[in-house]
Amino acid sequence: MISTIATPLSMLKIKEFGDLEAEYVLQAEHTAAQGWAESKELIKERIIEHTRSYILEKAQALGANLEVEVELSDDDIPIPVAVSMIGKVSPYAKRSLTKIITEDLGIEKEKLTWI
Amino acid sequence: MRRFFIVFLLIALIIPVNAKAYEVPPVSAEAAEMMDADMPSFAEGLWHVIKTAFSKMEPDLASSIRLCMAAVGISMLISVLASIPGKSMECVNLAGLVGVCVLLLRSSDILIHSASDTITQISSYAQLLLPVITASSAAQGNITSSAALYTGTAFFDAILSKLISTALLPLVYIFLVLMIAECAVRVDSLQRLRELCKWLITWLLKTVLYIFTGYMSLTGVISGAADKTAIKAAKLTISGAVPIVGGILSDASETILVGAGVVKNSIGVYGLIALVATVILPFLRIAIMYLCLKLSSALCSLFTGNQISQLLQGFSDAMGMLLGMTGAVCLMFMISIVCFMKGVVI
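Heads up: the sequence lines are chains A and B, in that order. Counting in numbering that gives the first Met the number 0, the first sequence runs from 0 upward without gaps. Counting in numbering that gives the first Met the number 0, the second sequence runs from 0 upward without gaps.
Just chain B, with the same shape it has in the complex:
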């Protein structure tokens, strides 16, 4: 990151834009640790974040594997017990389910809270970054489009964050409860309710993202066109001026606007990497749990009737939904930053 700041400082000194006015907000300590001190380019900065995150995943991987292996162990035990004649199969299965639930509910709850905290963190960081990138984009001449992008991003962030915290996360808990109940009592209506929960979460996330992407595309076209027209009109005025004055005006405005563009892109690149650094650790933790649960569900299906396997599948579905929520919020801000960076070409 040191090199990035040096480059940023040099840019600030070389280009005639008040770069101090566009100071990027600091990331959380955990995310800052993940970012490269010498960030030579976007790809290398991103690669460093991913590499560091994977290197930190070892304990989480070990604990996820331990949990899932314990679940597989319980499943094997149930399988053995079920083969002994004279035992009530229902009771044995129920005991197995309770055992797996005890194992997984605590860690699932921790991961659900972690996803919720991450969404809040991304949202808070983006709320600090948005005004900076909006101002730097407007400084480049994208006045209408930057204001529209800011409004859209902030508004959709408010909707999505509120939706996740008030509806989708409680729905994940309900999904898990229904899953456990369904595995225990095997009632079809519970399965349908569970599927409804899953469909609702997926549909809501997709819909908000589709609307957001549509809004951003339309905003880009409409307000981008307005900015382009304004810039064209300005260029026309400049070219209509006395040649020497025209030269002075065009030189002055181009230097400032191009400089602002460089600052805006630097902020955008930093913002993208900061977002990835903020989200990657919890995202990977959930993803590892998701994969381990999927794998152990497949393994369990070899041993007993499919109740424990189905339960593990249900837990992995819940993790998948958390991944979807965290990913959706992060993706939304990434799309927004890229839209800001794209702006109107001068």
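Chain A extracted, bound-state conformation:
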């Protein structure tokens, strides 16, 4: 009877549990980071999409037909930091759009590219 209980118990190694714990911590952090990275990527896509829609809406109201590319910051909460606008635009629309983007979206004038 003693050997029935002692044999399997002797195979238990406390150190193994320590190693396991470290392994699980790594796995957990990796999995959680992956999940959050996925969400962050989706949030980024959505911010780009919303910012682009906002600019396009304003551009259309000014009679400009543009293609817009938005660049985000690398912060934890990504913020639009640069915009590229591709297409023909009148000087008036360009001025107005620049004003809208710098004031409404807080993007510096120097970070606007007109192509």
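None of these hints come from the bench; they were simulated from the model. No experiment lies behind these values; they were computed from the predicted model shown. The reader is advised that the hints may include incorrect statements.
Claimed, not checked - Quick list of in silico lysine to any residue cross-link-like pairs, SDA-like style, CA-CA up to 20 angstroms:
no., chain 1, residue 1, chain 2, residue 2
1, A, Lys87, A, Gly105
2, A, Lys14, B, Val207
3, A, Lys93, A, Asp73
4, A, Lys39, B, Leu256
5, A, Lys43, B, Ile230
6, A, Lys43, B, Ala327
7, B, Lys227, A, Ile76
8, A, Lys43, A, Glu15
9, B, Lys161, A, Gly105
10, A, Lys43, B, Val257
11, B, Lys161, A, Ser2
12, A, Lys43, A, Lys93
13, A, Lys93, A, Ala81
14, A, Lys43, A, Gly105
15, B, Lys234, A, Leu104
16, B, Lys205, B, Ile334
17, B, Lys161, B, Ala327
18, B, Lys161, A, Glu15
19, B, Lys197, B, Tyr214
20, B, Lys205, B, Phe53
21, B, Lys161, A, Ala21
22, B, Lys234, A, Pro77
The hints should help you fit chain B onto chain A, whose structure is shown.
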């Protein structure tokens, strides 16, 4: 389950979260059979599993009753034989005990193996489910708490599974041996050893569960607070941004995080029902045997001296310990899933 998948698919299409990344692991064929094809809600899904399990219990109930009735029959026979003068009471009782042991040891061994297999199955399923629910919880913003919950659950599962397979199940066998020996030779020290086995099994299970629950509660509070602080800081940054940008940021992040929460909860509900479906059949089989043994032990106490009755009581105690082990592992994962589902409210 079909409706559940349709709802899951719709959610995946409606909400802007990559639900494909959070695919729930498939359950075993036996458990899948128990789950409802159209699972409209948690309560109905659970009810379906319980109903199906009970409907499948008929043969097990019949065989358990047959076994216990045979034991009661032996007890009656011993009672009759004992009343005949000139017979050695000790020999008759011993023969009765041997008869009951022959009857019950085989089925007890099958149930002990079934409990062991079920624990392995639950553990394996949970190991597949844990990364999925952790990722979906982290996607909702619970980065610290989901990692801590994953670590805690996986670690305690490893400890409990190892403890059960290496110490507690052999202890159940030892308990049965001591029980049989005690009934046969009536030595007090055997009884004390048997009681020690029972106490040790119960104490170890309770202690691991208490520590696990304590860990989960503390983790929930501490890491949950860290996540809350991070979310508050993020909200502060958003509110400090230019109004239109703030609106865009808050809309984008809230849509994604709330969507991730919906996916996480769907995974949690599915996981809970899958766990119940995995564990319910063996659990009920052991529970039926446990109840039948208790009942027959009470019946046997009417006929002879209390040896056979005591033996049946001992077998039912062993079944009770198996129920405790299977239930503890299942409960541990259920607590964990609920903790994941609770998460941090955004």
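Okay, the hints, checked on the actual structure:
The hinted pair formed by A:Lys87 and A:Gly105 fails the criterion: a straight-line CA distance of about 24 angstroms is larger than 20 angstroms. Using a Cα cut-off of 20 angstroms, the hinted pair A:Lys14 and B:Val207 holds, with the two alpha carbons roughly 18 angstroms apart. The straight-line distance between the Cα atoms of A:Lys93 and A:Asp73 is roughly 28 angstroms, outside the 20 angstroms bound, and the hint therefore fails. For the suggested pair A:Lys39 and B:Leu256, the alpha carbons sit about 9 angstroms apart, so the restraint of at most 20 angstroms is met.
Distance hint between A:Lys43 and B:Ile230 is fulfilled; the C-alpha atoms sit about 17 angstroms from each other, no more than 20 angstroms. A distance of roughly 43 angstroms separates the Cα atoms of A:Lys43 and B:Ala327; the hinted pair therefore is violated under the 20 angstroms criterion. Between B:Lys227 and A:Ile76, the direct Cα distance comes to roughly 15 angstroms. Compliance with the 20 angstroms bound is thereby established for this hinted pair. A threshold of 20 angstroms between alpha carbons decides the hint, and for A:Lys43 with A:Glu15 the separation of about 42 angstroms lies outside it, so the pair is violated.
Note on B:Lys161 and A:Gly105: the hinted pairing is violated, with a Cα-Cα distance of about 58 angstroms set against a maximum of 20 angstroms. The hinted pair formed by A:Lys43 and B:Val257 meets the criterion: a straight-line CA distance of about 15 angstroms does not exceed 20 angstroms. The hinted pair formed by B:Lys161 and A:Ser2 meets the criterion: a straight-line CA distance of about 18 angstroms does not exceed 20 angstroms. Taking the CA atoms of A:Lys43 and A:Lys93, the gap is about 26 angstroms. The hint is violated against a cut of 20 angstroms.
With a CA separation close to 16 angstroms, the supplied pair A:Lys93 and A:Ala81 stays within the 20 angstroms bound. With a CA separation close to 17 angstroms, the supplied pair A:Lys43 and A:Gly105 stays within the 20 angstroms bound. With a C-alpha separation of about 17 angstroms, the suggested pair B:Lys234 and A:Leu104 falls inside the 20 angstroms cut-off, and the hint holds. Between B:Lys205 and B:Ile334, the direct Cα distance comes to roughly 15 angstroms. Compliance with the 20 angstroms bound is thereby established for this hinted pair.
At most 20 angstroms may separate the alpha-carbon atoms for a hinted pair to count; B:Lys161 and B:Ala327 meet this at roughly 13 angstroms. Only pairs whose Cα atoms come within 20 angstroms are accepted, and B:Lys161 paired with A:Glu15 is accepted, the gap being roughly 11 angstroms. Under the criterion of a C-alpha separation no larger than 20 angstroms, the hint pairing B:Lys197 with B:Tyr214 is inconsistent with the structure, at around 26 angstroms. Taking the CA atoms of B:Lys205 and B:Phe53, the gap is near 28 angstroms; set against the 20 angstroms cutoff, the hint is violated.
Between B:Lys161 and A:Ala21, the direct Cα distance comes to roughly 17 angstroms. Compliance with the 20 angstroms bound is thereby established for this hinted pair. About 13 angstroms separates the Cα atoms of B:Lys234 and A:Pro77, which keeps this hinted pair within 20 angstroms; it holds.
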